[in-house]
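Chemist: Chains as they are written, first to last, in the numbering used here: chain A, 1 to 482; chain B, 483 to 669.
Derived from the structure by calculation, the hints contain no laboratory data.
All values derive from a computational prediction rather than experimental measurement.
Fair warning: there could be bad hints in the mix.
Straight line, CA to CA, 20 Å or less: simulated EDC-like cross-link-like pairs of lysine to aspartate or glutamate [to be verified]:
(1) A:LYS152 / B:GLU578
(2) B:LYS534 / B:GLU577
(3) A:LYS349 / A:ASP449
(4) A:LYS220 / B:GLU575
(5) A:LYS147 / B:GLU577
(6) A:LYS147 / B:GLU578
Here are the simulated distance ranges between beta carbons [stated by the list, open to error]:
(7) A:SER398 / B:TRP639: 48 to 58 Å
(8) B:TRP639 / A:ASN7: 50 to 60 Å
(9) B:TRP639 / A:ARG454: 44 to 54 Å
Going by beta-carbon spacing under 8 Å, a handful of chain B positions derived as facing chain A [unchecked claim]:
(10) VAL558
(11) PHE561
(12) MET562
(13) ALA576
(14) LYS591
(15) GLU611
(16) LYS615
(17) ASP616
In this text, a Cβ means the ideal position worked out from N, Cα and C, and glycines have one as well.
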Amino acid sequence: MPTIKINDVALSVNPGTLVLDACRTVGIDIPHYCYHPALTPVATCRMCLVEIKGQPKLATSCTTTVPPAPKDNPDAVVMEVLTNTPAVADARAGVMEFLLINHPLDCPICDQAGECKLQDYSYHYGSGDSRMGEVKRRYRYEDLGAKIVIDKNRCIHCTRCVRFTREISGGGELTVASRGSRLEVTTFTGKSMDQNPFAGNVVDLCPVGALTSRDFRFRKRVWYLKSAPSISRHSALGNPIWIDHEGNRIHRFRPRPMEGNETTHFISDEERYAYAQYNRTGLAPVVQLNRSPASMDAIREALQSAGPVAVIGQGTFGCDAAQRLGELATSAESRYGSGDKTIAVVLPKYQSSADGILNRRGFMERGFRFGALAELLGKVERGEVKAVVLLHDAAFTSAKETELLLEILKASTFSLALEVEPSGLGRAATAWLPITNYAEESDFIVNHDGELRRYQKALQPPKGVRTLPAWMKDLAAIPATV
Amino acid sequence: MGVLVKKVELSWLDRTYVWPVMKGMAITFEHFIKQLFTPTSKRYTIQYPDMKKEIPEGYRGLHELKRFEDGAIKCVACFMCQEACPARCISIEAEEFSDLNITQGFEEKRPAIFKIDMLRCIYCGMCEEACPKDAIWLRKEYEVAAYDRLSMQYGKWDLMNTYAQADGKDRISQDPTPSVPRRTIVM
Ligand code: SF4
Ligand code: SF4
Ligand code: SF4
Ligand code: FES
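For reference, chain A alone in the conformation it holds in the complex (with noise of 0.2 Å):
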């Protein structure tokens, strides 16, 4: 592998490596807008500007890559990159000055306030006042859509949302109409950004505050919300999310970009507007038994003397839950998975599998059995299973699937839903147990691809409510006899 030197450190890498990423893994990180490591460089934003020993101007380290080394000395030394020389200090400040020339400096409105690198690269490598004499360029309002909210007049046309259009999501919505100083990011005439299935990305894609969501849009100063690592419940793969929340309020998903895995920079609009479910909204429900307010230790003795005990895990639980759910079968034959949603794969590359159960590997691991809930129901009118414990949202659930969980039910002498919040499922059970929701736990799940993913409590559950392995704790502790 051929060495270079960053600012005397040696490093060897391999050839056609971009300088950008090669100062990343020594610790150097250079400044940069318009490179994203998902998208194609095009090094318009001009910030990542570093000295090349050798080369007469300076060069953008985002599409600048390392040589190949002569074939005679494999580590020979190819390339000398200076990153802290008065030349390429001078360069950033000199380009932090262009990019703020027209920027309205409306950090009190905008959004992006507090995540912006606009801000952030100001306070680093500007200067604190401006030059700029001449009134401020304007643009029109244009209107995304019920989405998305662009504010031109923030934009340093980095061109990340435009290329996301092209070449990630598909569609190219967005394009760069005009020239020089009057350059804007814009939509082809009549299209707006809501058939989009992926727009919500381009607002974490853009790197000042030129594109913010509706949704989220004056909600909440991001400097106010605390962010919990978390998976996103609404894909086959678990893709990795942050929670934000703030106040045991969650207020927006974001993705959680893991080092070197590509897939995980975006989530679909599903994914991401999919957090307003897991805000709890009135009272918080109570422990029932034939629907009216019960003690645990009512449904313990019910449980146990109702006789043999199927458990029905809906696959889209935590692995830890799974096990625990299992653990209270009678046999290693009566655990049964539920769950059939499915999700339209609208990117392959994002979403490997149409499959919306996204523990189901974890489940099948823990003697789980998908789609035999019709032999279960047979069981249970042959009366060789007397309990069925049901573990159910009803988000991931059909009509049809429903309707022979309630045949299930109705048929058994007892039944158990655990939920989050009642459904009309969980009333047509014996008894009724509330359980956390998944921002309120942590736990893990084995997705499709075999990948083990964590996700942390982000919200702290309303009083009465416990996780799936506390309840199960007390529905397996035998009783003390008196």
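With the hints as your guide, set chain B with the ligands onto chain A.
Modeler: Below, chain B with the ligands without anything else, positioned relative to chain A:
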């Protein structure tokens, strides 16, 4: 090292104790008579609440949320004051409004709710200092009292009207522009 107390030698006149008492009473009566014949406005004692002290410039009294000529609030709900407030007594909720076709910098965000808990406020002026829009001022009103706690929670309209009377402005209780998300279809 101890403190050296100088012993005062009293003269025989002082030692009678009657003479010093008389001297003191003379001062008291002198002031009493003086005050009787001084006009009220020149006296040291201010006859509060009939009279009020002239408040110096830069005094930090009750807050005012400033408005533009047309009654629009100057505050853009940037949360800087909430961030700066050491007493944590400001709470804001932002809303979107605009019916403009041209993006005009600040005219699309404003507070829907702006509350200051005057019981918690320590009148430090940090909010005024932090405000990038010069929208919150601490002015000269200092008689902030109420019979119950709830009346000490000042809302957006309370804060916008705190000095309306003093400045001879109208009291307002409505934004000139309705709260609608920015959206223009025709180009
Ligand atoms: S809108 Fe944002 S992402 Fe798109 S070109 Fe402008 S600055 Fe870049
Ligand atoms: S004066 Fe000080 S304590 Fe009172 S609201 Fe302003 S910042 Fe807070
Ligand atoms: S700092 Fe000023 S503009 Fe910002 S929210 Fe407070 S009063 Fe409004
Ligand atoms: S990041 Fe290299 S030019 Fe923009």
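Chemist: Which hints, by number, does the structure contradict?
Modeler: Hints 2, 15, 17 not satisfied by this model.
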